[in-house]
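Chain residues, written in single-letter form:
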Amino acid sequence: MVTALARGLKDKEVVIMGAFSALPMLASRVAQLTHAPNLTFICGGSGAVNPVLEPLPYSSCDDRLLKAECIYPLPDVIDLEARPEIDVFFAGGLQIDAKGSCNLVGIGEPGQLKLRGPGSVGLPFLSRARRFIIYSMAHNTRNFVPEVDFISGPGFIDQEVLSSGPSMVVTPLCVMDFENKKMRLKSLHPRVTVEMVTENTGFDLIIPSDVGETPLPTQEELMHMRRIDPMGAARDSVQ
Amino acid sequence: MAREEKVIGVDEAVERFVQDGCVLGVGGMHMHNNAMAVIREIIRQKKRIKRLVTSPSACTNADMLIGAGLVEEIYCSYVGFEHLGLALNFRKFAESGQLRVRECDEAFSVYSLRGGASSLPFHPLPKGLETTSVPKLNQEDYKVTKDPFTGEDVLCVRSVQPDVSIVHCQKADAYGNAIFEGSKFTDFDMIKASDKVILQVEEVVPNEYVLQKSHRIDVPGMLVDAIIDAPFGCHPTASHKYYTYDEDHLKEYLKASKEDFSVYLDKYVYGIKTNEDYLEVIGGREKATQLMERDIPW
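Residue numbers (numbering that gives the first Met the number 0), protein chains in the order written: chain Z, 0 to 238; chain V, 0 to 297.
For the record, the hints were derived by calculation from the structure and aren't laboratory data. Here the structure is a predicted model, which means the values were calculated and not measured. Hints may be right or wrong, so weigh each one.
[What the hints assert, rightly or not] Cut-off 27 Å, straight-line C-alpha distance, at most; resulting in silico cross-link-like pairs (BS3-like, lysine-lysine): (1) 257(V) to 181(Z); (2) 49(V) to 142(V); (3) 135(V) to 113(Z); (4) 254(V) to 46(V); (5) 113(Z) to 257(V); (6) 180(Z) to 126(V); (7) 195(V) to 170(V); (8) 240(V) to 66(Z); (9) 181(Z) to 135(V); (10) 49(V) to 191(V); (11) 135(V) to 66(Z); (12) 66(Z) to 170(V); (13) 113(Z) to 91(V); (14) 9(Z) to 66(Z); (15) 135(V) to 145(V); (16) 254(V) to 113(Z); (17) 212(V) to 66(Z); (18) 286(V) to 113(Z); (19) 257(V) to 286(V); (20) 286(V) to 170(V); (21) 11(Z) to 126(V); (22) 46(V) to 191(V); (23) 46(V) to 272(V); (24) 113(Z) to 195(V); (25) 180(Z) to 135(V).
One chain only, chain Z, in its complex shape (with noise of 0.2 Å):
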């Protein structure tokens, strides 16, 4: 998961993750260390610019993550969300559905939740990014829905909106896309199935007759990840 997040990353770009966000933390280092040295990641609530991560900390405000460039206050890194100076926006959420829209609220009606989620933090602003990626730690008909019950991010929905929307999907079986707007099935991981992918999928994925297997990790890769993540708070964060 983490290299096909890495590899989605390009050199130059400006990232932003926000809330339990090892896995795009270590993506886009590896991206720095490899393809992508001019890219620069912010690590949302700490305000951290291009973190060391000597080590990769599990929580997206650890003091650790002030071995920084820069630590740019809150309110600051909101200004850059709103300009919009935000190339690629990491994405996620307790339901997502087939057109890219994540949902932080909560499942059920309004005034009714049966799932009260935490909320919507900074999703409302994948509006503004020019694009973003959706990761999730899991994969199955719970959290990959036809349609979102809230939208707090919105992803290809009627209205028009500054970003071009969600890019790639990258869960613990596969690697997806958007073709005409709806969620396509790019690359399967190694031993996953397409059976195994739309058996978990709540909705009718686009499943092109190409479908490849996800590059595995180089030894390049492998090495960084191993020496940023000793603790492995990525693998933890992956159900």
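Given chain Z's structure and the hints, the job is docking chain V onto it.
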């Protein structure tokens, strides 16, 4: 006439500055810099909170007050425990209707406090944020008006000015001149927006220390009403550059909030009188050393 020193006991600070039925701000973000020594005292004194205001991401600072049954409503952008899971008191009280949730997002949390800090009547938001469910779920605090310059619709949030805010930072002198040694989160805007500010600190430093570092002072003392000298006062959350969060304790907290939270409150809040007693109950010097001594990169 001598200059007033603001270091007072946590019991006195809560009695004097936290009124029943107040709008309360709590600083810190996720499991970092939560001013828990003051929050535990608010629970001991059973102060009722009309409305709770937090940074964009709250943790035990909100969840413990909610679990103690003291909070009527909350401006909610996020209450949770990141990799440790959902905030279960918050979840239980919100789902049962005992807690009124004023749904909001990070933009609300930041811009409403900025509006409050500058005494703006409201704060307009950048375009795009109106496309989510949040403004529809909270039409009290999000309103659409006309931009007087372009005539276009613009979504706005209510400005927020807490009656009193509880903020933690690492160092202050006795007059309230204060330093955040790590991330400041949205705490400075919260301080500026609030009528009264109780500042919990790891250590009180001499005024001379402040005078030597005035370009690094984050909060001028005039904005602070009381200083609480509470080493390890953020436990079980972290205090940046001093100690990390206590993951074992947070897991015990989450387990108790799933089963019977009153057991937790009896042991760690109601049954405790002083910060020193608290530090003994959580594991004394051994625990403190464990949370302070770690591989730190800076």
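Going down the list of hints, with the structure as the test:
Under the criterion of a C-alpha separation no larger than 27 Å, the hint pairing residue 257(V) with residue 181(Z) is inconsistent with the structure, at around 38 Å. Pair hint residue 49(V) plus residue 142(V) holds up; C-alpha atoms about 22 Å apart against a cutoff of 27 Å. Proximity of residue 135(V) to residue 113(Z) is assessed by CA-CA distance (about 19 Å); at most 27 Å being required, the pair is judged to hold. Between residue 254(V) and residue 46(V) the alpha-carbon distance is near 25 Å, which keeps this suggested pair within the 27 Å criterion.
Straight-line distance between C-alpha atoms of residue 113(Z) and residue 257(V) comes to about 16 Å, which keeps the hinted pair within the 27 Å bound. With a C-alpha separation of about 22 Å, the suggested pairing of residue 180(Z) with residue 126(V) holds against the 27 Å cut-off. A distance of roughly 19 Å separates the Cα atoms of residue 195(V) and residue 170(V); the hinted pair therefore holds under the 27 Å criterion. Annotation: proposed proximity of residue 240(V) to residue 66(Z) holds, straight-line Cα distance about 11 Å (limit 27 Å).
Taking the CA atoms of residue 181(Z) and residue 135(V), the gap is near 25 Å; set against the 27 Å cutoff, the hint holds. Proposed proximity of residue 49(V) and residue 191(V) is supported: the alpha carbons are some 20 Å apart, at most 27 Å. With a C-alpha separation of about 40 Å, the suggested pair residue 135(V) and residue 66(Z) falls outside the 27 Å cut-off, and the hint is violated. As the CA atoms of residue 66(Z) and residue 170(V) are separated by approximately 20 Å, the hinted pair is consistent with the 27 Å bound.
A hinted pair counts as satisfied when its Cα atoms are at most 27 Å apart, and residue 113(Z) with residue 91(V) qualifies at roughly 10 Å. Distance check on the hinted pair: residue 9(Z) and residue 66(Z) sit about 23 Å apart at the alpha-carbon level, within 27 Å; holds. Straight-line distance between C-alpha atoms of residue 135(V) and residue 145(V) comes to about 18 Å, which keeps the hinted pair within the 27 Å bound. At roughly 20 Å between alpha-carbon atoms, residue 254(V) and residue 113(Z) fall within 27 Å of each other, so this suggested pair holds.
Note on residue 212(V) and residue 66(Z): the hinted pairing holds, with a Cα-Cα distance of about 21 Å set against a maximum of 27 Å. This hinted pair does not check out: residue 286(V) and residue 113(Z) have alpha carbons roughly 38 Å apart, beyond 27 Å. Between residue 257(V) and residue 286(V) the alpha-carbon distance is near 24 Å, which keeps this suggested pair within the 27 Å criterion. Using a Cα cut-off of 27 Å, the hinted pair residue 286(V) and residue 170(V) holds, with the two alpha carbons roughly 22 Å apart.
Restraint check for residue 11(Z) and residue 126(V): the C-alpha separation of about 26 Å stays at or below 27 Å, so the hint holds. At most 27 Å may separate the alpha-carbon atoms for a hinted pair to count; residue 46(V) and residue 191(V) meet this at roughly 23 Å. Proposed proximity of residue 46(V) and residue 272(V) is supported: the alpha carbons are some 17 Å apart, at most 27 Å. As the CA atoms of residue 113(Z) and residue 195(V) are separated by approximately 38 Å, the hinted pair breaks the 27 Å bound.
For the suggested pair residue 180(Z) and residue 135(V), the alpha carbons sit about 24 Å apart, so the restraint of at most 27 Å is met.
This entry does not satisfy hints 1, 11, 18 and 24, going by the numbered hints stated previously.
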